[in-house]
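Student: Top line first, the protein sequences correspond to chains A and B. Per this note's numbering, the first sequence starts with residue 51, numbered consecutively. Per this note's numbering, the second sequence starts with residue 51, numbered consecutively.
Be aware that one or more of the hints could be misleading.
Pairs count within a copy or across copies, as identical chains cannot be separated in the list.
No more than 20 Å apart at the CA atoms, straight line, and that leaves these computed lysine to any residue pairs for SDA-like [said to hold, decoys possible]:
no. : residue 1 : residue 2
1   : Lys77     : Ile211
2   : Lys432    : Leu421
3   : Lys289    : Gln69
4   : Lys198    : Thr506
5   : Lys77     : Asp209
6   : Lys194    : Leu287
7   : Lys117    : Thr315
8   : Lys390    : Phe145
The set of hints was computed from the structure by calculation and includes no laboratory data.
Single-letter residue listing:
2 protein chains.
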Amino acid sequence: MKRIFLLLSIAITFQISAQTDAENLKKIYDNSLTNGMSYKWLDYLSNDIGGRLSGSLNAEKAVEYTKSEFEKLGLDNVWLQPVMVPRWVRGAPEFAYIETSPGKTTSVNVCALGGSVATPSGGVKANLIEVATYKDLEALGEAKIKGKIVFINRPMQADLINTFDAYGGCSSERYSGAREAAKYGAVGVIVRSLNLRLDDYPHTGSMSYGDLPNSQRIPSAAISTNDAELLSGMLALDKNIKFYFSQSCKQLEDVLSYNVIGEITGSEFPNEIIVVGGHLDSWDLGDGSHDDGAGVVQSMDVLRLLKESGIRPKRTIRAVLFMNEENGLRGGRKYAEVAKNKGENHIFALESDSGGFTPRGFSFQSSEAMLAKVQSWRPLFKPYLIHYFEAGYSGADIGPLKNDNIVLAGLRPDSQRYFDHHHAANDTFEHVNKRELELGAASMTALIYLIDKYGTDTISNDSELKD
Amino acid sequence: MKRIFLLLSIAITFQISAQTDAENLKKIYDNSLTNGMSYKWLDYLSNDIGGRLSGSLNAEKAVEYTKSEFEKLGLDNVWLQPVMVPRWVRGAPEFAYIETSPGKTTSVNVCALGGSVATPSGGVKANLIEVATYKDLEALGEAKIKGKIVFINRPMQADLINTFDAYGGCSSERYSGAREAAKYGAVGVIVRSLNLRLDDYPHTGSMSYGDLPNSQRIPSAAISTNDAELLSGMLALDKNIKFYFSQSCKQLEDVLSYNVIGEITGSEFPNEIIVVGGHLDSWDLGDGSHDDGAGVVQSMDVLRLLKESGIRPKRTIRAVLFMNEENGLRGGRKYAEVAKNKGENHIFALESDSGGFTPRGFSFQSSEAMLAKVQSWRPLFKPYLIHYFEAGYSGADIGPLKNDNIVLAGLRPDSQRYFDHHHAANDTFEHVNKRELELGAASMTALIYLIDKYGTDTISNDSELKD
Chain A
51 MKRIFLLLSI AITFQISAQT DAENLKKIYD NSLTNGMSYK WLDYLSNDIG GRLSGSLNAE
111 KAVEYTKSEF EKLGLDNVWL QPVMVPRWVR GAPEFAYIET SPGKTTSVNV CALGGSVATP
171 SGGVKANLIE VATYKDLEAL GEAKIKGKIV FINRPMQADL INTFDAYGGC SSERYSGARE
231 AAKYGAVGVI VRSLNLRLDD YPHTGSMSYG DLPNSQRIPS AAISTNDAEL LSGMLALDKN
291 IKFYFSQSCK QLEDVLSYNV IGEITGSEFP NEIIVVGGHL DSWDLGDGSH DDGAGVVQSM
351 DVLRLLKESG IRPKRTIRAV LFMNEENGLR GGRKYAEVAK NKGENHIFAL ESDSGGFTPR
411 GFSFQSSEAM LAKVQSWRPL FKPYLIHYFE AGYSGADIGP LKNDNIVLAG LRPDSQRYFD
471 HHHAANDTFE HVNKRELELG AASMTALIYL IDKYGTDTIS NDSELKD
Chain B
51 MKRIFLLLSI AITFQISAQT DAENLKKIYD NSLTNGMSYK WLDYLSNDIG GRLSGSLNAE
111 KAVEYTKSEF EKLGLDNVWL QPVMVPRWVR GAPEFAYIET SPGKTTSVNV CALGGSVATP
171 SGGVKANLIE VATYKDLEAL GEAKIKGKIV FINRPMQADL INTFDAYGGC SSERYSGARE
231 AAKYGAVGVI VRSLNLRLDD YPHTGSMSYG DLPNSQRIPS AAISTNDAEL LSGMLALDKN
291 IKFYFSQSCK QLEDVLSYNV IGEITGSEFP NEIIVVGGHL DSWDLGDGSH DDGAGVVQSM
351 DVLRLLKESG IRPKRTIRAV LFMNEENGLR GGRKYAEVAK NKGENHIFAL ESDSGGFTPR
411 GFSFQSSEAM LAKVQSWRPL FKPYLIHYFE AGYSGADIGP LKNDNIVLAG LRPDSQRYFD
471 HHHAANDTFE HVNKRELELG AASMTALIYL IDKYGTDTIS NDSELKD
C-alpha cells in the first residue's frame, strides 16, 4: 500500500512537472513571437553597424552595442573578455576577367579569400588549369601547373539533404587550395564559391597557407557559381584562354578585441555554468545577418526570455558573444582557456551558428544516455514543430570547451537557403525572417530551461520525464 | 517448424520491401534535387506568363503551357477538362489616402478584394469607424456606421506556430466584412491585410456579398499592415479624419476555361485513381509563384519523378491542375462532379497549396487506422527530415472529392514566410528557393509511391511495414 502511494506520488510529481514545463515553454515561445527582441537587435547590428570583420571598427561598435544591450537587461553580470585577434583587410574591390584573345575580355565576379595575400599591384594574368579538387594537383605535377592559375571547380553536392554536409565536403578546397597549388608553382588560385545555387555572388571564407614561407604564398580568390560554370565552359572550348585577377588585401598586426558576456547567476548551483552563444564577428561582404548576427541576438534573447518568463535558473546561464570565429577562432579559444584557468565547471554549451532560419531541432555531442534524456523531452517540443534531436556537430566557438563532462549542442535550423547567403554580399538583414529568428531564440531558451532544470546527470530519474 | 519458416519468410519479405522502398525514395529525392523540373517550369509560369487570374489571357496561356509540358513527359493520357469560370478584373490601379484636414492627405497602399464592386468613378470619401472584427458591427448599429467606411483592423495572431491557424482565425473578416457592413449602411470597407509581417504590400483575396442585392453592395479593399497601423494610430488621435479610396474592378460574364490533367495508367488496378494536384489560377498582383505555381509544378513533377525513377505504379496516378481555386473553386467542383458521374473510384488525393517552402510533412483527412498506416512509414522519411504526419486539412480543390472511402492529404511546408507573400505583389519567383521546391516535389512523389504500393486498405498486413 505504501509502495502504491509512493509510486502515485512520483507519478503525480512528474505529471505536474511536465505540465509546468509545457506551460513554461508556451510562455517562452509566446513571448518570443509577440515581444521578442532578436529582430530589433539584429536590425541594429546589420543595418546600423554592418559587416563586423575581426579587428574592424564595426566589430568594435558591435562589442559596445551588445554590451550596452546586455546592461539594459538587468543581468547579474556583464563583462568584456579581452582577446587579441588577427586583422585582415580586403582593401580595394577585387577585379577579374577572362581573356579569350588579347583585348577581348569578359568580367567575372570574384572576391579574395580571407587570409589571402594580394596579387602584385598590376594583378596576375595567366593560363588556367581546372581541377575538381586540389587533391588532383599531385598527379598533374609541377610541369602542368607551374606559372598557371589553378581553378578548383568543385560544386557542392546537391543530393545531400543537410547542406552543411555538402559544405563539409568542399570547404577544404577553399581552405587548402592555395597552399597546395603553391607547392607546384601555381601563380594564383580561383575556387568555385561554396554555394548550392547558381548566381553571381562570390563567397569568401577563411583559407590558410599553413607553414608555407611568405615568399611562396600565392593569391587566392573565390569566383561566383555562375562564373565558375562560364569559365569551365570556356576552358572546354579553348584551353589557352587567360584569367586575370587583382586584389589588394593584407594581414595587419593583431589588435585587441573582446568576447562580450552576460550572465544570470544560478540560484542553487551558481558554479555549474551553462553557456549559450554565437559569434559577433562576421565577414565583410554582407552585414553578417545569418552568419552569425542571428546566433548573437538569439543568445542574448535567451537571457531576456528566461527573465521575462519568470524563470529563475538554478544554474548560471551565460550568453557569450564570441569574437573572431571566422578567421582565427581566437574568441572561442580564449574563453575556454580562461574557463580552464579559473577552474570553472561548464556543464553545457549551446551554439547557434547555422543561420536564422526556422529551427528544426538540435544536434548533440554527448553520451548516448544524455542524448536519450534530451530525446525524452521531445513531446514538450512537438507543438513547436521541433523534432530533430540527434548526435552531431555543435559549433566552432564552443568546441574548445570540450572535455569528458560537458555536453555540447548546436541549434539546427532549416539548412536549405543557408549557403545561398553564407559569406557573401547577400548575407543581409532582409533575408532573415522575423518569425523564424524568434522561433530559434525560443527553442534555444526552451532547451536551456530544461537543461538547467534537469541537469546533465543521466542517472537521475528526471530523465524519464514524459509529457 | 513450418510456422517459423512462414514467419521468417514474411519477415524477409518485409525487410526487402523496406529496403526497396528506402532505395526508391532515395532515387526520387536524388533525381528531384539534381535533375528536377519543378523550378524550370515555375520559372516559365511565373516569369514568362505571370499572374493567372481565372478567365484571364494568362490563365489561358498557363493551360496551354502545362498541357504541352505534360505531353512532353510521355504520359498515358493528357487532357483538358472544360469548366466555366467567373471573370473578375481589377481595372486601373487602386488609389487611397487618409485626409487629416481638407487638402492634407497621406497616401496608403490598398488593393480591391477579389469579387468586390468598384467605387463610384470619383471614389469614396468618408469618415471611418474602426472595429476589431465585423462581429462588432451589430453592437454598434446603423447609427454609428451609416455613411462611414468600416475599417476592420484584426491582426493575425503571432503566437500560433502554424501560420495557417492564424489565417483561419482572420479570413472571414476579409470574406464577409463588406456583406455585413453594408447591412448597417456603410459606404465601403477597408480590411487589414492578412499578413503577419509589417510591410507595405496590400493582400487581396476573395470576398462575397452573399445574397445581398446589387444595389446594396459596397466596395471593399485590403490595406497594407503598415498602413493599417498608421490609420489606426491616426484614428486614435482624431476620429474625424477621412479616408478616400477608388477602385474600378468588375465582375464580367463567366468564360470557358480548363482543368489540365495528365495521368499514368495503373498496371494492376487502373480503376483505382490517385490524384495529386495544385491550382493553376492565381491572384493577379504577383506572379503566383507560391500560391500556387509551386503546387502545380510539384504535381507535374510527381509524374515525371515516378517515371524517371523507374517506378511503374499499380494504380492510376493523375496529376490535376485545377482552375479557379481562388475565386470560385469551379475547377475542383467540376473535377469531382465528372468523377462522380463517371463512377470513378478515387482512393487518395494529395494537394500542394501551402507554398513552395521546405516540406515538413503531410496532414490527412482519413480514418485513424489509415493515419497509423501512414505514420508507420515515418522511418522511410526520416533521412529527408519529413516528420509531420498528423490529422488535418488537405486542400480546397480536392475537398469536393470527399466521401467515405477516399483519403485526402495536404503537403505541409514550413509556414513561417507564407503569409508574407500570399495574394500580394511579392508572391514572386525570387521568393521560391529551388531546393525547397524540389524537396516538396520529392516528398509528394514519395508519399504517392507508398500509397500506390500499399493502398489505402487498413486491414492488410502491409500497414505494419517498418524500416
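Student: Against which earlier hints does the structure fall short, listed by number upward?
Tutor: Going through the list in order, the structure violates hints 3, 4 and 8 and respects the others.
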